[in-house]
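Two chains, two frames, some hints: make the complex.
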Amino acid sequence: MKPRHRRLILVAAGLAALSITAALVLNAFRSNLVFFFTPTQVADREAPVNKTFRIGGLVEKGSLKHLPDGVTVQFVVTDTAKSIPVRYKGILPDLFSEGKGVVAQGRLEPDGVFVAHQVLAKHDANYMPPDAAAALKAAHSARLAQ
Amino acid sequence: MIPEIGQFALSLALAVALAQAILPLAGAARGDAAWMAIARPAARVQFALLALAFACLTYSFVANDFSVAYVAEHSNTSLPLVYRITGVWGGHEGSMLLWTTLLAAWMFAVTLFSGHLPEDMVARVLGVMGIVSAGFLAFILFTSDPFTRLLPAPPNGRDLNPLLQDPGMVAHPPMLYMGYVGFSVAFAFAIAALLSGRLDAAWARWSRPWTLVAWMFLTLGIALGSAWAYYVLGWGGWWFWDPVENASFMPWLVGTALIHSLAVTEKRGSFRSWTVLLAICAFALSLLGTFLVRSGVLTSVHAFAVDPRRGVFILILFAALVGSSLVLYAARTARIGLGGSFDVVSRESSLLANNVLLTVAAASVLLGTLYPLALDALGAGKISVGPPYFDAVFVPLMAPAVFLMGVGPLARWKRASLPELAVLLRWALAVSVACGVLLPLVLGRWSPMIGLGLALAVWVVATSVVTLRERLRHASSAASAWARLRSTPRAWYGMFLAHLGIAVFIVGVTMDKGYESQKDVRMQAGDTVELSGYTFRMIGISKVQGPNFTATQAQIEITRGGRPVANLYPQRRIYTVQQMPMTDAAINAGLFRHLYVTLGDPLNATTWIVRVQVRPFVSWIWLGCLVMAIGGLLSATDRRYRVAAAIRRAGAAEIAVAQAAR
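Protein sequence lines correspond, in order, to chains A and B.
Each residue of the first sequence is one higher than the last, beginning at 9 in the working numbering.
Each residue of the second sequence is one higher than the last, beginning at 9 in the working numbering.
Chain B extracted, bound-state conformation (with noise of 0.2 Å):
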């Protein structure tokens, strides 16, 4: 009973979408108020919907209900609660349901925050949404329907896949999605704007705290999946350029240059039809991200010959979608104009230079994706494209935007003087060469790359610095500084933070690749190997008995100079269900370095290979997402935006006293 409720409120939220996507943009399109008001309702209504459904099949994994075919695929009575509830977004149906309902829940918070804008944007924003919704619910219900039945239902499920049963997973999935789909609402504002030819500073505006959330949002997912690949796949590895990994990658990196052309678009009005251009461009790899992730094409090209209907739905739906965009984009660009003109030397121009970095890097991991797919379908042979190819492009295409980031914040807009940059950065430039040249000999060894990477972040770390002293230059007393400080907008110290986090994360990626090390030895009780100036011992090897799965757990004591540091026990575990072993590493997590003990195979019964690693400053490579998603939140919870809501709300009278208050 509980699938078919779910079932049916999938089918009433397609018929809502439809008329969601349809009515408010005729009526917008014919200035009819009464249409146009139908978007907001409906974007309700669709939302409560899509919860009843998500929740339907929550249900469905909490009660065992194996008679509901995804679930038996998905889930097993031996499974703990956690990861049954969470097992509803581990295949590809409940993962298109969760993208869908995500998408249905940014649907509402638009309805909620924007009561500032006028009608006929809401009701184009909304509808433009309401076409994608229609869209992906049209794809569950023909392709993909999570609530298919199964009957007879067989006594057990096949479990859920055991490298998911992880906490990391738990909240990977949905953090991604909530950036994916987010985006959708950059994507309707830039429709928007092209369907009413209104794109000004106001409108960069309204969807500028859009898009810094939803980038937030994938920052966190792409750092969290990051972190479960270390820990979880058992090696140590936090990136493998793999395609999965990429699909979340590019639109992060158009979103990235998207949220500093809209700051542009906002500031100057410059910039205005390319911001819409890379509004369309984060939305649309944000879907080839889900399609490429989620249709299996990855495995193999010719899993789409699995379920033809799939395959072919999605490279419709993608076509559709992206290709209308852009036909409208080439036939409105036009009426939007290009905005004031700038300076070869200005604060544009090198954003403008970094936006180009940042897109060319979004091309060239699109290449590496998708070259070697592209050449299997013809059936040109098989390629593949390593880690290699990606740190050679990678390297000279981030050296050069790193740098800009430090001249940006400092350079004027419309017209910066050269001379004068370089004064104000001669010192921050002076210690960034000093410490990637001699820092690396503190450290023990010296590389080109090392040398690099710590002189970026110093750059961005000192740049910053000068970017603060400049804001307090004319500050004359301790007072003044602090009022100074206090009336700097939240955005600006959401641009300062989330700089920093660049920063941690290059100190981390090049510590980290620069001075682990790690040893493959064989050990059995009693014996030790040393790492780094750590001793790791073999205390001894036990067997363990986990909820649904029996391990072979080693013990193993680290010390230094004789101290003892910790215990660590990796296991061997191996999942009773579907008989599949998985390596569950151990570590000793500290602020600048991890301890990472792996069981790997038995020689015999009493020796086994271990891996041993001494990872220096790994954990700055999360912590650097994290202080650039605490960025992203803090310049969307700019005063300007809440103020600019708040005075249209108070009405008219009273935006008079506002305006002459400024």
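Next up, chain A with everything else stripped away, as it sits in the complex (with noise of 0.2 Å):
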């Protein structure tokens, strides 16, 4: 084989690895995105059905309850203009509280009540998530513009 051949073989090789691999990542990347919803946006159905989701807004003061087995929770998400149940197996993160911000990733069912398999609030008390925060902003303006 002589050299230039060789480099071709080379070229080639890497070049066909290379489109594989960049194929597979972006494919990989936009099946995997997790977009992020305001409880308003959920509310005008602006949200997929059977698709994984972000919710973010407050906890609304008096809705954490447990469930009879125990270790299921059911809360009420709220941007302060809507609201949505959101029902959660598992242990509740360090610094969920009522009445503070939270983010939330699942799927929406049929019967209108998010059901997460994370629940994020994190890092310190007066922390707000930046996701939640914005939920509530966006509710606040679009309250001003009416």
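Read the hints as simulated data drawn from the structure, not as lab findings.
Incorrect hints may appear among the rest.
Below, computed lysine-lysine pairings styled on DSS-like, alpha-carbon distance capped at 27 Å [stated by the list, open to error]:
id, chain 1, residue 1, chain 2, residue 2
1, A, Lys97, B, Lys527
2, A, Lys90, B, Lys390
3, A, Lys59, B, Lys521
4, A, Lys97, B, Lys521
5, A, Lys73, B, Lys527
6, A, Lys97, A, Lys69
7, B, Lys390, A, Lys59
8, B, Lys390, A, Lys145
9, B, Lys390, A, Lys108
10, A, Lys73, A, Lys90
11, B, Lys551, A, Lys73
12, A, Lys97, B, Lys390
Label pairs and their calculated CB-CB ranges [said to hold, decoys possible]:
id, chain 1, residue 1, chain 2, residue 2, range
13, A, Arg12, B, Pro404, 28 to 36 Å
14, B, Leu159, A, Arg38, 48 to 56 Å
15, B, Ala210, A, Arg14, 27 to 35 Å
16, A, Ala24, B, Glu127, 46 to 54 Å
17, A, Ala24, B, Leu336, 28 to 36 Å
18, B, Ile13, A, Lys97, 55 to 63 Å
19, A, Ala24, B, Ala23, 49 to 57 Å
20, B, Gly205, A, Ala25, 29 to 37 Å
21, B, Pro408, A, Arg12, 24 to 32 Å
22, B, Val70, A, Ala25, 49 to 57 Å
23, A, Arg14, B, Ala327, 37 to 45 Å
24, B, Pro408, A, Pro56, 28 to 36 Å
25, B, Ala489, A, Leu23, 41 to 49 Å
Not everything, but these chain B residues come out facing chain A in the computed CB check (under 10 Å) [stated by the list, open to error]:
id, residue
26, Gly389
27, Pro395
28, Pro396
29, Pro408
30, Thr606
Just so it is clear, CB atoms sit at the ideal spot from N, CA and C, and this is done for glycine as well.
This is how it looks when you write it as structure tokens:
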């Protein structure tokens, strides 16, 4: 094999491998993006059914209930305009509390309940998850516009 | 008074850094020996000044001087002494100071271990590091001064974030930063090579030990961070693909590619411009990591707006350092040349493929980390990229990389023969495929991922054994085999060990992901729960008073088949100063499994939610990292780096003798 052919094979193999990985990466990327919706957007049916997404807002005061099995909890997330019931099975994060900001990731069930796989409320007591803060701000400015 | 001394030391250090950045580089360009000679003393003085500044800040923490704003924000009189010391790097300003101090420490190390280098190389390396140091010192002094006074001083401080009050967090940031900053040495060597146009095997040999040591620290730093997340965050996850973690993982991936590429440059003279590019990228990603974590951009892209000076300064510094080095690279790379040619089947090509895979992996992490930030900054919507993306990308990228890891050390340089390799490796392949198929069946559950993981781990071990046997093939007796092993360079053992570390790591990940079990249950005193053959019994709940927290503590007794295994005491703490709740999980750690108990919310006065987990082989994840790091250290201390140093020092006459002896 001449050196030129050898180099050609190397370059072609490299390009082929790179395009395969690029396709793989971009495909994985596209199918795993998780979008964020505010409770108002969910109430307006802008959020997808049967696809994972995130919601954020405040945990409505007095809405936290433990279901009879003891480990499933239900609470309401609100952006002060609209609210969504959320169900979550598992232990809530340390800084989860009523009246505080929260972000939940999961799916919307046909009955309108958001079933969360993951609940985030992190780092320190005064910190508001940026997504939750954005949801409140959007609802606030929507009200001002009316 | 003390904080002012610290601030003065920082200002002086900036002046010295500027001198170090300008004079030696200019001297090297003009061939002026006197200007070049400034590099070493300047770096040493800078290290002394920064060590003094760091000591001043530490003193302010230890002495509870709340008139220093940074101390007031990150400490408290009730904080135990060890956390008052580590509080120094508990916030933005202090961690930037730590970063710069470590940079000065690396420069100091370069002045000590560069006796064998030509003077112009030392001048350029230290000059480039001086530029980096000057940039960071200016950043600290103009936007993030840790010594700013807060008058009148508050009676007490706001306390350190309870999550950081942990032994793991004591060691994690310094280790991680040692790694980040250590790549600045590799970067400086790369830039010096571009400036001088000298990029040969000798250059790679000088640069290699520094890169290996930096890589070792980064490996340890990441492992410590992951272990911290595992036991402090309370839920037993050890890697979340969180942007903060990704920020440290990207330089690791590129750094790993760099140490392999450097090996080729040293042994064969190939991959030269690629090596230089990797060195630039590894440091650029280290900078990006520091900035991502420290600028607050992750909490919110709009955090930039809180202190626009900080954000803009960071961006300018980053763009200037990375941009100018890439421009220099583009201008000079043709002069460096590509190096020796090699065949499609050869050790070079397998290392090249590994390099490409590692770089693509780093790029895919970069995409997943920065894309959501970019979208948010443009106001184009909020998205997040979760673990499923990274899992989907990493397994197909890393599986061939691990496969090649077994082939590479056996393939010959320049041209290898495929049939010969196949003969060498057929048993290793058969054993690993058999293990991948059969082991999971023995262990109880078969899934493609478990099969693949175990097969890859066995593959690495089996090929390592084959590589070792090849080394000893011509040994006729036990004595000659021993002599061969003794004459094998330490760098080879380093590689051997680091690769075995990967196998240990893969076993840990596969077994933990495949066979972990967990249950969330409600429990009161006397209740029991069964999991994977272990019985967890709640004995009772009590109140505990800590130095700066109060806690509710459960006693959980664990038995297996009636025999006692352990008593665990998980807590829910309230840190009194910030009234912040925190879960303190209890772990019974063993080499082959962890028993992990977390106390959740109270349902009423006597009933609590408890999460119990059985985690097989989970400690192997960090054990694997430790083995990799030890491998890196072994390689870095190889005799030929030291011998080269000794020969230079010994003078010309002895060089001839040494060469004759070789």
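Here's how the hints hold up against the structure:
1. A/Lys97 / B/Lys527: Since the Cα atoms of A/Lys97 and B/Lys527 sit roughly 11 Å apart, the hinted pair holds (cutoff 27 Å).
2. A/Lys90 / B/Lys390: 19 Å, holds
3. A/Lys59 / B/Lys521: This hinted pair holds, its Cα atoms lying about 24 Å apart.
4. A/Lys97 / B/Lys521: 20 Å, holds
5. A/Lys73 / B/Lys527: Satisfied, since the Cα-Cα distance of roughly 20 Å is no more than 27 Å.
6. A/Lys97 / A/Lys69: 20 Å, holds
7. B/Lys390 / A/Lys59: 16 Å, holds
8. B/Lys390 / A/Lys145: 14 Å, holds
9. B/Lys390 / A/Lys108: 20 Å, holds
10. A/Lys73 / A/Lys90: 19 Å, holds
11. B/Lys551 / A/Lys73: 25 Å, holds
12. A/Lys97 / B/Lys390: 25 Å, holds
13. A/Arg12 / B/Pro404: 28 to 36 Å: Holds, at about 32 Å.
14. B/Leu159 / A/Arg38: 48 to 56 Å: 54 Å, holds
15. B/Ala210 / A/Arg14: 27 to 35 Å: Since the Cβ atoms of B/Ala210 and A/Arg14 sit about 28 Å apart, the hinted range of 27 to 35 Å holds.
16. A/Ala24 / B/Glu127: 46 to 54 Å: 47 Å, holds
17. A/Ala24 / B/Leu336: 28 to 36 Å: Since the Cβ atoms of A/Ala24 and B/Leu336 sit about 32 Å apart, the hinted range of 28 to 36 Å holds.
18. B/Ile13 / A/Lys97: 55 to 63 Å: 57 Å, holds
19. A/Ala24 / B/Ala23: 49 to 57 Å: 54 Å, holds
20. B/Gly205 / A/Ala25: 29 to 37 Å: 32 Å, holds
21. B/Pro408 / A/Arg12: 24 to 32 Å: 27 Å, holds
22. B/Val70 / A/Ala25: 49 to 57 Å: For A/Ala25 against B/Val70, whose Cβ atoms are near 55 Å apart, the range 49 to 57 Å holds.
23. A/Arg14 / B/Ala327: 37 to 45 Å: 39 Å, holds
24. B/Pro408 / A/Pro56: 28 to 36 Å: Check passed, 35 Å falls within 28 to 36 Å.
25. B/Ala489 / A/Leu23: 41 to 49 Å: Since B/Ala489 and A/Leu23 have Cβ atoms about 45 Å apart, the given range 41 to 49 Å holds.
26. Gly389: Nearest chain A Cβ about 7 Å off; hint holds.
27. Pro395: 9 Å, holds
28. Pro396: With Cβ-Cβ at 5 Å, under 10 Å, it holds.
29. Pro408: Where the cut-off is 10 Å and the nearest Cβ of chain A is about 9 Å from B/Pro408, the hint holds.
30. Thr606: Interface hint status for B/Thr606: holds (7 Å vs cutoff 10 Å).
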